[in-house]
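Residue 3 is where the sequence shown starts when you use this note's numbering, and the numbers rise one by one after that.
Wrong hints could be hidden among the right ones.
Quick list of the computed label-pair ranges, beta carbon to beta carbon [claimed, not checked]:
#1 I118 with A145: 37 to 45 Å
#2 L103 with D71: 17 to 25 Å
#3 A130 with P39: 37 to 45 Å
#4 L5 with A84: 18 to 26 Å
#5 L12 with V113: 30 to 38 Å
#6 L126 with G91: 42 to 50 Å
Honestly, the hints are just simulated from the structure, not real lab data. Since this is a predicted model, take the numbers as computed values, not measurements. Built from N, CA and C at the ideal position, the CB exists for glycine as well.
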Amino acid sequence: IVLGCLLVVLGPRGAGRRRPRSADREALPDHGTWWTPPLVGLTGVYGGYFGAAQGIILLAVMGIGIDDDLQRLNGMKNVLAAVANGVSGLIFIVVADVDWLVVLLIAIGAVVGAQIGAAYGRRLPDMALRVFIVLVGVVALVAFLRG
């Protein structure tokens, strides 16, 4: 969680070392640096099993490795996290006992959170979204440390 927050904070500095952002916002973003896809994949494996700060880590990796707006990266993060969690969910259904009430509650929270996040995340300026992401990470860290 701490590493993810630090990478989100350092993202703008990493962006300053890359090529300038394209003026054409309709163009598809690059696939990023050579290390971006493997790290995104490893983050998916980590998130599928553990989950804590998966979104923050994904945003940090993509924010440094892919030349695009944080708002678009946030959308990509949502899709990637959904795929990783869906695959891990299928694996857990096959190999573990599932508490379906917990699944229902998490699903409701995820859908409501996705709707709220999509509605506001697109409208926030880059720095405001970055600050919000770090604040969520700090809250998650405190909750994690409290047990």
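Tested hints:
Between I118 and A145 the beta carbons are some 19 Å apart, a value that contradicts the proposed interval 37 to 45 Å. The hinted range of 17 to 25 Å is not satisfied by L103 and D71, whose Cβ atoms lie roughly 38 Å apart. A130 and P39 have their C-beta atoms about 28 Å apart, which leaves the hinted 37 to 45 Å range violated. Here the CB-CB span from L5 to A84 is close to 22 Å, well matched to the stated 18 to 26 Å.
Between L12 and V113 the C-beta distance comes to about 32 Å, which sits within the given range of 30 to 38 Å. Take L126 and G91: their Cβ atoms lie about 29 Å apart, and the range 42 to 50 Å is violated.
Against the hints set out earlier in the document, violations occur for numbers 1, 2, 3, 6.
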